[in-house]
Amino acid sequence: MSEYMTSRSLAKALLRGAVELLLFLPPFLLAAVYLLDGSLRWLWLVLLPVAYVVGYAAQSAINLRKLYALLLLAAATAAVHTLIFYFLGLAWYVTGPFALLAAFRGIRSADMSWEASFPVGLNAIGILIYFIVSVMVRFVESFQPYVPVLTGCGVIALAVALFIANQAHIRQETLSGKKAPSVASSVLWQNRMMIGLLLIVIAVVALFRELRDVFLQLRDAVIAAILWLLSLLPDTKQTPEGAAQPKPPMDQGVPAQPAAWLVWLEQAAIVLAEAAAVLLIVYGLYKLLRKLPPLVKRIYLWCIAALRMGEKLESREGYEDNVESLVDWNGLGGKFAERLKNWRTALARKKIRWEDLEDNGERVRFLYKRWLQRHIARGYAYKPFLTPQETGNELDNPRRHTAGHQTGGDSELVEWYEHARYGERLPTDAQAQILKNKLERANQE
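Numbering (the numbering used here), first residue to last: 109 to 553.
Certain hints may be false.
Capping the alpha-carbon separation at 27 angstroms, the derived lysine-lysine pairs in DSSO-like fashion look like this [what the hints assert, rightly or not]:
#, residue 1, residue 2
1, Lys477, Lys395
2, Lys544, Lys491
3, Lys395, Lys491
4, Lys120, Lys174
5, Lys477, Lys491
6, Lys546, Lys477
For the record, the hints were derived by calculation from the structure and aren't laboratory data.
Whenever a hint applies, use it, and build me the whole structure from the sequences.
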C-alpha cells in the first residue's frame, strides 16, 4: 500500500512540475532556442519536471527545515540533472540555473498544498510573461517557427490558470467556519461551463491568424470546386464543322500591364471581403454566446426536474444550504431569472412524502425544513443569515420557552442536518425514524 501511495505522490509531483513549467514556459523556451544547440535541447526542456520530482522525493524522505539546507539539497539535485545533459553536449551554465529553480520548487512543493503552489497572483504573472514575450517575438524573424508553440502553450496555460482561479473562488465562496468547503456538483458544472465558453472566445482571438488561413483555404477550395463543376457543363458556343477556323492573331508582343487603379481596386475588394467575413464570424460568435447560456440553463433545469433532485429544491426555503451559483444569470438571461423563480415556487408547493425520499440525507433535510416551518408558523422571525447551529441555539434560548419554542431534542436534528449538509456522515434508518417521531410528537403539542 505504501508503495502505491509513493507512486501516486510522485505522479502528482510530476504533474505539478509540468503545470508550473507550462505556466512559466516563455523564459525556458527562449533559453532553449537562443542559448542551446542541437535537438537535445527539446529533451532537456521536456525533462525539466524530472528535477522537480527528484527534489520533491528528496525533501519527502529527508524533511529538511532550514533554508540553507533546502538550498544545498536543491543544488545537489540540480547538479546531477545538469551533469547528465552536460555530458550530452548542452552548456552547463544555461541548464544549471533552470535545473536549480526546478529542484527548489519541487522541494518546496513537498510541504505545500496544490492551492498554495499555484496562487492566483503567481499564475497571473505567468500569463503576463506570455503576453509580453508573444508581443516582443512577433518582430523577431528567427523566432517565427516557434510562435505557434508559444501561442498554443499560452492558450493552454491560460485555461489552466482560469480553472485554478475558478476552483479557488468556489472554495472560498463555500467555506463555512472551520469545516471543509463543500462544493455542490451543480455549482462546479455551471462555473466550468462559463469558463469553457470564455476559453472558446480567447482561443478564437489568440488563434485569429491561423483561423483566417483556414478560412482562406476553405474559400479557395470552394471556388475550385465551383470552377470544376462549371467545366463539366457543355460548351454552347461550338464552332460549326464547315466553318473556317479563325486565323491566330499576329504576334502583338508582350501584353500590356493592367492599369494601376484596377490593381488597387482588386486589392481593396479582397481586403473588404476578408473584413466582411471576419465581421460575420465575430457576429455569429456573439449571437451564439448570447443565446447559448440560457439554452444550456434550460437544459440543466430540465435535468434537475427529471432526476428529482430534491435536495436542491428543498433547500430553497429557509437556510441556504449551499452557494447555488457564482454566475450572474440576470446579465446573461434577461428575464429568465424571474421565470426560474416562478418555476422553483411551483415545485416547492408539491407535496413531498416521507416514502418518496431516496436516502437518509434527504430525510434529514426534509425534517429540518418541517422543523423550521413549524417554528415560523408559531411566530418565530426566521433569520436567514444565521447558520443552522445558531438558529437552533436561538430557539433553545430559555427566554423563548414560554412562547412555545421549547422542543427538547432539536439540537440532535440540527446536528444531523449539518452532518448531512457537509457530507460528513448520515444517520441510520433507525436514527432517522427516531428524529421523525420526535418531530411529530412536538407538532402535536
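Going through the hints against the structure:
1. Lys477 to Lys395: Between lysine 477 and lysine 395 the Cα gap is close to 42 angstroms, so the pair fails against 27 angstroms, i.e. violated.
2. Lys544 to Lys491: holds, 24 angstroms
3. Lys395 to Lys491: Violated: lysine 395 and lysine 491 sit about 42 angstroms apart, past 27 angstroms.
4. Lys120 to Lys174: Answer holds: lysine 120 to lysine 174 is near 25 angstroms, not above 27 angstroms.
5. Lys477 to Lys491: holds, 14 angstroms
6. Lys546 to Lys477: holds, 14 angstroms
Figure legend: structure checked against the earlier numbered hints; hints not met, in rising order: 1, 3.
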